[in-house]
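Engineer: Residue-level listing of the chains:
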Amino acid sequence: MTKLTLRNLLRNKRRTFLTVGSVSIAIFLLCLLLTMLASMQNTEASVENRVVVRSKISLTFDLPESYWERVKTLPHVVAVTALNWYQGVYIDDRPEHFFPRFTSDPETIFDVFPEYQISDAEKTTWRAERDSFIAGQALVDKFGWKIGDRIQVKGDIYPVNINIVLRGIFHVPGNPSQERQIYFHRRYLEEAMDNPGIVGTYWLLVDSPANVPAVITAAEAMFANSEMQVRAETEQAFQLSFLEMLGNVRLLFGAIGTAVIISIFFITANTMAMIARERTTEVAVLKTLGFRAHHVIGMVLGESVAVGLAGAALGSLLAFGLLRMTATKMADSYPFFGTLKLPPGAVALAISTGIVVGLLSGALPAMTAARLRIAEGIRRVA
Amino acid sequence: MRIPLKYNVRNLIERRGTMLLTIASIAFVVLVYIGVLSLSAGLDRAFGESGDPRNVIVLRDGAHSETESGFPMERHREMAALPGVEHDAQGNPLASGEVLILQILTRENGSETNVALRGVEEAAFGVRPKVRIVEGRRFEPGKGEVIVGDLLAKRFPELQMGREILFGRIHFRVVGLFDAGGGSFSSEVWGAVQDLGNAFQRQNYCSSSLLRTASEQDAKALVARIEGDQRLNLQAQVEPEYYKSQAQATGTQFVVLGTMLAIMMAFGACFAAANTMYAQVAARSAEIGTLRALGYPRRSVLGAFLLEAAFLGALAGLLGVLLSLPLNGITTGTTNFVTFSEITFGLRTSPQILLQGVLLAIATGILGGLVPAWSAARRPIATLLRE
Chain U
1 MTKLTLRNLL RNKRRTFLTV GSVSIAIFLL CLLLTMLASM QNTEASVENR
51 VVVRSKISLT FDLPESYWER VKTLPHVVAV TALNWYQGVY IDDRPEHFFP
101 RFTSDPETIF DVFPEYQISD AEKTTWRAER DSFIAGQALV DKFGWKIGDR
151 IQVKGDIYPV NINIVLRGIF HVPGNPSQER QIYFHRRYLE EAMDNPGIVG
201 TYWLLVDSPA NVPAVITAAE AMFANSEMQV RAETEQAFQL SFLEMLGNVR
251 LLFGAIGTAV IISIFFITAN TMAMIARERT TEVAVLKTLG FRAHHVIGMV
301 LGESVAVGLA GAALGSLLAF GLLRMTATKM ADSYPFFGTL KLPPGAVALA
351 ISTGIVVGLL SGALPAMTAA RLRIAEGIRR VA
Chain B
1 MRIPLKYNVR NLIERRGTML LTIASIAFVV LVYIGVLSLS AGLDRAFGES
51 GDPRNVIVLR DGAHSETESG FPMERHREMA ALPGVEHDAQ GNPLASGEVL
101 ILQILTRENG SETNVALRGV EEAAFGVRPK VRIVEGRRFE PGKGEVIVGD
151 LLAKRFPELQ MGREILFGRI HFRVVGLFDA GGGSFSSEVW GAVQDLGNAF
201 QRQNYCSSSL LRTASEQDAK ALVARIEGDQ RLNLQAQVEP EYYKSQAQAT
251 GTQFVVLGTM LAIMMAFGAC FAAANTMYAQ VAARSAEIGT LRALGYPRRS
301 VLGAFLLEAA FLGALAGLLG VLLSLPLNGI TTGTTNFVTF SEITFGLRTS
351 PQILLQGVLL AIATGILGGL VPAWSAARRP IATLLRE
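Chains as they are written, first to last, in our numbering: chain U, 1 to 382; chain B, 1 to 387.
If you're looking for bench data, these hints aren't it; they were derived computationally from the structure. Don't be surprised by glycine CBs; every beta carbon is placed ideally from N, CA and C.
Taking lysine-lysine pairs in the BS3-like style, the calculated list, with each CA pair at most 27 Å apart, reads:
| no. | chain 1 | residue 1 | chain 2 | residue 2 |
| --- | --- | --- | --- | --- |
| 1 | B | Lys220 | B | Lys244 |
| 2 | B | Lys143 | U | Lys56 |
| 3 | U | Lys341 | U | Lys142 |
| 4 | U | Lys3 | U | Lys13 |
| 5 | U | Lys123 | U | Lys72 |
| 6 | B | Lys244 | U | Lys154 |
| 7 | U | Lys123 | U | Lys146 |
| 8 | U | Lys142 | U | Lys154 |
| 9 | U | Lys56 | B | Lys154 |
Computed from the model, here is a short list of chain B residues facing chain U with C-beta under 7 Å:
| no. | residue |
| --- | --- |
| 10 | Thr18 |
| 11 | Thr22 |
| 12 | Ser25 |
| 13 | Phe28 |
| 14 | Val32 |
| 15 | Ala63 |
| 16 | Leu102 |
| 17 | Gln103 |
| 18 | Ile104 |
| 19 | Glu112 |
| 20 | Phe271 |
| 21 | Ala272 |
| 22 | Asn275 |
One chain only, chain B, in its complex shape:
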């Protein structure tokens, strides 16, 4: 026989003061948990959006990233001529030899960091169809022009539309802003590979060679072909794989740290929930006795109190979710630990993350309520009624 649900709800309302305090304490645990998870989801997305499974990225053997890699431009020409590389309508290979340069720049809050300047070839836009100009126009090679990722422009005053900035020994002008679907390119400055190479005296040199193929299978075949050729002294990866390793290096620590924090905080909140449920049990011994005398079995009493604790947790979870809603979309930036350059990203609170937060709260409630509920159910009817 089950004790009606209404009994639990009413009880929660009856002692709303202590309930609210417990709910608030669990809600803050949920807030921290959701905050950290959405930070990592934002980073994952920034890197996830960057890779295209049809693209192959070629680096110097042994290099972990474009920052470390470097080889003569001729090698890129050889790569671009490989079978499997797609061509545009004019018959030019969809291949971009790119140079990546780190430049110290100042964020709007005055702190400094390395920003990635990417010198690209004309084909770069064909290779990355997601990249589109949202303001101004594309740069023209040979004129000292650059375009800036939209997320980056927001956080770096020196990189705003129309501004002139000294890179190496050449003054560049920002002629356009581009959107890269939230990917890590949105945190980069793009210019012509010859211009940026000149500015930093890295002529006829590239950090990576980016090749577009017709399909994912073709991309894998091209990777195998380049990897199989020992003489090249180059390594190839499909693009998503390359960015996945960066996401892991940058984001894993946040997830590990955040989950550990949230679990320990939840443990603390469990104690609070236990306190509250003990008080409930103590205040209602006569009631429990009556219920038992009426014929409700022990497990019904246990179930009723557990349900109440779970309900308490669920309410806390919902409050935590409400508190965390303003987090969604906050843009922030940190350093990509693989390339050593700034990565700007937005916090993302997905429904799945919110659900995880609520589940954590319910688990906290149940865990806290377990012992008090058990002690309520175990006590003999006579003792209960006497109190």
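One chain only, chain U, in its complex shape:
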């Protein structure tokens, strides 16, 4: 029976090829959509026991520097560091020149972000020179920077320009998207702006994930009656808040994905209907020879599932290949998406979509063939 199904598939090679082709294009698109969605929701970089403290109003408001000593006294807090989103314009406004530029405190940043790996020598020189910065390996590769290179960034959020020298390169094993940013001294910016004493976000390392909720509550309560109230949240919640701002993007992607699936369903259903019509006589002959209804159903369904599976496999392979080839280039030109990688769930979904579409589109032709009365089928020969 399996052999018969295979033979049947190869009988009209052009049609099989066209159908598999259209299924694979649809599955390919589905995989790309899922990948983009996954990369936006990617919170892999977040560490369970890190807490972010920021202004309750919104990220555009800064917190006073004086909060630093106070959050340090919270129970279970092991280390505290501060980051400001400097942004600025490097070379020009084009997206390929965009990358996150933070001010940081070189003395404490590695206590809170232990996954950032840098040599002790580079760490020391960076700490010693106020106008220096460190950059991730991926970014250094992209721009071809060398230690000792200077860059100028024009201020936009902060009305001051910066001129800083590269003194260190850090690695974040397993998370190349974290390597696409730079950190320079917060004191450099503070001095350039006449010491306003401002901090965008405080990052707290908590002794254990179990104590995170307590730290969050205590941090918010600590400043409840202050001039500037705070919002404290896990690193993951902080990252997801940006996705939330995008609004219905998930819904939009879901809707497009559904339309793609419906579209392939119609395409395969069409092919299967054509095949079934063509084979009416054959089915009748098979039945005359003593094959039962379930044999016939198996034959037709087997064929449609094979088409669906072949399309799904080809489509996900294409998506995997394309993403593999363009991952670095995409991350360089569209930093927003981070590093695009096919999520494991996507392949599973693609394969199951292939099977389900195959089953559904073959169902009606299979039933018709199974119910076919022999006499009628043979009579149709003419």
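We have chain U already, so just place chain B on it with the hints.
Structural biologist: Positioned in the frame of chain U, the structure of chain B alone reads:
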């Protein structure tokens, strides 16, 4: 000699099962294409309606948007006194020094986002004649009152008419809803600049200075004058230009993504159309042979099949258009990537977009039918008749 059109139409009806399935698959491609285009058209409109070519917006040098900009209120007073700025009947300059504050608020579905709170001066309504109150009344300065854009009020429960809400350290009351012709102001909360400045401790400070001139030429002249003065440390743009850059930053990605998707889906649907047309050709070889024997030339056969494929595409296009009609007017919101604040907009399916959808479907049909039609026309009469 042409094969009568009736022949094609009848053929489509004859094999309606397979035709309908092919039409449906192409129709969904059209639906996605129209959906994405109308999303971007809605965004374009939201930003397009915001700019008035007679208005000049002044920001701090280097700032991309009002969110990033900031300068002392005195500078705005200097701007308002510049020649070229229009005056109202009482002789006051039509100039509004405004502060823009982002505040985290909750949408009706529970998700959070930044909403723009705009502190404005009395003149703001004269500078933006499109803005009109649709419910309640204008806010009174000094009383902790705000008005809310109609689109925003629909999606944010905290901002409904009559509600009280804490902004910074002051409780504000929503006393009116306003309509801004669908522009991005419809996604903002407006209050007196002193009140909002007080609430967030940004007194005597503004994010932008908005100046109204008598004509588009005057606006351009004013921009040149401010840009030419290096000491000011300010930059000026006519308003439509300012919003155009925001529309591009926010909308372009949707258009690029959507067009790529639609083209690839159309490619897949092409294969389906090809399958269908191949089946047509195979089923009708005797017919084609007869037509050729009667003296119809090859190109007529080719033309007839192509026409049939195009017709198939057109039907699919129309079905796609029908399916997409409920999209028109759906309100949704995303983040303006330049100001980092919520922008609410409605999907808009214009006739031009619908036409683009139908054209895509016809192209899909023709492209899918090309090879099968060619193979039908090429085969010798004898072979055709024998089958």
